[in-house]
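J.: Here is what each chain is made of, one letter per residue.
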Amino acid sequence: MAKPLSNTVDKGAANRGALVSDFTRQLVPILPLLVLIVVFLIWPIVNVAIMAFEDNYGNFTFDNFVVASQGVYAQAFGNSISLGIYSALLASIPGAVFAYIIESRGSEFLKRIINSATSVLANSGGVPLAFMFIAAFGAEGSATVLLKAIGLDIYAGGFTLFSYWGLVLVYCFFQIPIMVLVFSPAVQALRREWTEAARSLGASKWQYWRHVGFPLLFPSFSASFLLLFASAFSAYATARAMTVGTIALVPLMIGTLIDGNVIVDQFNLGKALAIGMVLVTALAMVPYLLIQRRVARWQK
Amino acid sequence: MKKKSTALRLRGVTKSFAGLTALDSLDLDVKPGELVALLGPSGCGKTTALRIVAGLEKADSGKVLVRGEDITELPAHKRHMGMVFQQYSLFPNLTAEENAAFGLRMQGVGGAERKARALELLDLVGLSALAKRYPHEMSGGQQQRVALARALAVEPEVLLLDEPLSALDAKVRTSLREEIRRLQLELGTTTIFVTHDQEEAMAISDRVAVMSRGKIEQIDTPDVLYSNPASSFVASFVGNMNRIPAQFDGKHAHLLGGKAKVSNTDSAAPTSVVALVRPENIRLFKPAHNAKAVADATVLNRSFLGPVSQVTARTADGHVVSALLPTADTGDLHAGDAVAVELLAKQIMIEGSNA
Amino acid sequence: MKRLGFKLPSAGLFIAVLLAGVFVLLPLGSASEYSFRTPALGPGTYGWDNYAWFVSQPDFGTFITLSLLLAAVAAGITLLVLVPTVVWLNLRGQKLRPLMEFLTLLPLVIPVVALAIGAQTSLPVELQSNQYSLSFFYFVLALPYTYRTLDIGIRAIPLKTLSEAARSLGASQIKVIALVLAPVVRGAVIASVFLTIALSLGEFTLTSLLHWQTFTTWVTVISQSNILGAIALSVFTIVAAFALLLVVGLVSIRTKRRQVTEE
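Residue numbers (this note's numbering), protein chains in the order written: chain A, 1 to 300; chain B, 1 to 355; chain C, 1 to 263.
It should be emphasised that the hints constitute simulated quantities derived from the structure, not laboratory data.
Watch out, some of these pointers could steer you wrong.
[Said to hold, decoys possible] Taking lysine-lysine and the DSSO-like style, the derived pairs with C-alpha atoms no more than 30 angstroms apart in a straight line are: (1) 78/B to 205/A; (2) 132/B to 205/A; (3) 132/B to 95/C; (4) 78/B to 132/B; (5) 115/B to 205/A; (6) 160/C to 171/B; (7) 58/B to 111/A; (8) 78/B to 31/B; (9) 58/B to 205/A.
Build out the structure end to end from the sequences listed, making use of the hints.
T.: Here it is in structure tokens:
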């Protein structure tokens with residue numbers, strides 16, 4: 001168990017203060033957490049990064065990356081990236097508007113219910129989610145039948161739930177709740193005084209949003225957007241349950257390589273694909289970091 | 001009063017929240033260039049009144065008039081008011097200068113003119129050097145100055161100040177309130193100043209409206225309010241008051257071995273009451289001085305306040321009284337000394353029976 | 001002079017809640033409708049058969065218990081490791097905050113499939129073969145959310161002043177944490193435990209790629225043998241998780257109310 005405020009640290013401080021730097025002394029109480037992060041996150045991923053550059057005999061090579069960036073793998077990266085972008089586009093705006101309405105007008109009780117619901121839905125996925133959508137929007141689904149009865153045939157345009165756009169639709173079911181969950185704190189941070197000050201200074205509602213509200217929310221919005229992208233880009237469970245290998249997606253390919261269901265010439269191809277995914281996510285952070293730098297001056 | 005001589009007029013303004021009355025048919029007239037403070041304990045309706053003037057809250061009934069024009073139905077952003085809030089009201093994504101220029105920008109004033117005017121106002125509040133700073137880079141006092149500059153930049157019909165000093169520390173509070181008064185006089189801006197601090201209200205206002213339970217108890221200049229309060233509520237809310245048990249005989253209150261005429265009662269029935277006596281209306285001195293009607297007491301403490309000192313003493317029947325005396329007369333009063341207490345006031349106020 | 005009482009819900013709020021209801025209930029309601037069908041008794045008949053089917057599966061109870069246990073352990077790690085760390089960072093570890101902020105964001109950048117490969121190839125077998133290692137992974141995967149929730153909640157409280165006040169009154173360091181700090185940070189703590197549990201109960205990717213069987217992976221396996229039963233099981237998982245978190249949420253709102261009235 002971690003005891004960050006342990007007496008020894010405090011009493012010893014006076015004696016050892018000169019020798020032990022402030023930084024190191026602050027480090028001791030957070031060691032348990034650091035160890036967990038290193039063992040269960042950093043160490044594994046560093047190993048993946050190293051092995052991605054090894055051939056089947058442990059010699060250094062770029063071959064894994066060469067293969068991972070060609071043919072079906074390149075196509076999979078394209079699909080996964082566009083899935084991430086479309087899904088983030090479709091989920092971010094409704095999620096943000098919903099978060100704003102609930103935070104600004106909802107009662108404390110309603111906020112609690114929404115919070116519980118979004119926590120559950122944001123973590124939903126995989127087979128249960130797939131079955132729910134099949135029951136609802138599959139060719140024989142209740143919602144499909146219901147919509148057909150009121151004259152809306154969703155299958156008229158050649159739509160199927162097991163297509164790319166079907167997957168985007170299913171992803172919305174957890175992406176919008178994620179947006180509500182991560183964007184709500186930003187909305188909470190908007191102070192009533194700002195609206196009122198703007199109003200009393202002659203700003204219409206739209207002018208308030210244009211000059212104050214939107215600029216203040218934009219950094220959080222872009223962070224949430226990035227999160228939605230990463231979430232859809234790397235989603236595995238739902239993709240596996242919905243597409244039975246019909247759409248090439250990177251997480252699914254890595255999964256089949258881990259499971260050993262597919263034999264490839266290079267043992268470490270999966271690791272190169274995994275590192276490719278890390279790189280894409282890291283690159284996606286660049287625009288976000290640029291925005292952060294621009295607003296850093298007025299943000300605390 | 002002729003219409004032209006009122007900058008702001010409230011008539012029968014009533015407001016309740018979920019069945020609780022916040023304002024009860026409030027009337028108020030403010031002359032052009034006047035600074036009126038709305039003073040009262042929290043929950044008395046002062047902020048609600050201010051927000052109704054600003055258009056941020058809608059009155060259930062009653063009218064708000066600015067220079068004789070009915071603005072009751074006008075939305076907040078068309079009212080042309082300048083408002084300063086308690087704190088945190090600056091837009092965090094704009095610099096001091098951009099904040100000060102915000103109202104002009106909303107009016108469509110051009111960039112160069114806007115900037116010049118914003119800088120001029122920042123200069124007035126002594127902050128032109130910080131024009132490029134963001135709110136979080138400024139102290140609380142500086143932020144409130146910028147907020148003041150921002151509100152004044154639009155040359156508002158009425159400047160509305162909602163406890164603008166209450167979040168600041170004591171020293172900044174005093175200097176900023178003097179600055180608010182200086183600017184207000186200089187620009188001749190009609191101002192309403194909401195506060196719960198009686199010292200603040202008395203220090204800078206032309207008139208003070210003491211509010212209680214959604215009504216104005218009394219509105220007068222600070223001097224009149226202090227020397228001639230209309231009710232015991234006003235009397236005890238403004239300045240310091242001793243509260244001393246007394247016997248009421250139908251006309252006079254008997255206390256401290258003396259008596260004083262009671263000014264605020266219709267009843268003539270003798271009863272026990274609490275008398276309200278200002279510290280400067282009590283004299284403490286070494287006994288055997290002369291043979292006036294006095295009470296015996298023991299000195300508890302003496303605190304030096306400059307030209308005057310405050311002396312507290314416990315009377316023989318156990319009540320603590322506090323007296324404000326010229327420091328020169330207190331040299332021989334020490335803790336534990338036996339003293340005589342004399343009631344100087346000829347006329348006092350009482351609060352209901354304390355039987 | 002705050003606003004008192006309740007406002008009537010505005011049209012915007014009404015429409016938003018309505019749309020959210022449709023968004024959730026259309027799939028969930030449809031699935032429920034399916035889950036109650038009893039084709040064995042003829043078309044158009046409804047009953048609890050599909051629910052009875054999965055409840056009667058011998059592994060149903062086993063895996064529910066296992067998943068709850070793993071979630072509880074992950075929540076325990078959050079309480080014992082993360083909460084004290086964040087409190088410490090806010091009290092005296094200011095210099096380390098940027099580092100921790102970076103580290104706790106990493107699980108968002110590293111896809112779970114990538115982590116799964118790494119875990120499989122680099123962790124010692126003893127660790128991999130212990131089922132509780134999953135709880136530690138769940139804890140780490142939840143960090144981006146739990147760390148931020150705790151940090152925001154705790155930053156809002158003048159921890160330093162409170163702890164100094166308590167210590168000046170003679171409380172020991174341990175007492176400071178237990179009696180003074182713990183109660184005031186309760187809201188943020190409950191929220192972070194909440195997030196850990198929700199993530200643990202729903203995690204599938206890492207669990208299945210590391211070849212463990214928990215409730216979520218068991219659902220995947222069992223659903224291949226009975227479609228209607230699988231749909232019933234899907235409805236059950238979502239509704240049960242919601243009910244569980246709602247109870248936690250309502251308990252915490254009640255304690256919050258009590259604190260407010262005590263003030």
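J.: Look at each hint and say if it fits the structure.
T.: Each hint, compared with the structure:
| no. | hint | in the structure |
| --- | --- | --- |
| 1 | 78/B to 205/A | holds, 12 angstroms |
| 2 | 132/B to 205/A | holds, 26 angstroms |
| 3 | 132/B to 95/C | holds, 28 angstroms |
| 4 | 78/B to 132/B | holds, 29 angstroms |
| 5 | 115/B to 205/A | holds, 23 angstroms |
| 6 | 160/C to 171/B | holds, 25 angstroms |
| 7 | 58/B to 111/A | holds, 27 angstroms |
| 8 | 78/B to 31/B | holds, 22 angstroms |
| 9 | 58/B to 205/A | holds, 17 angstroms |
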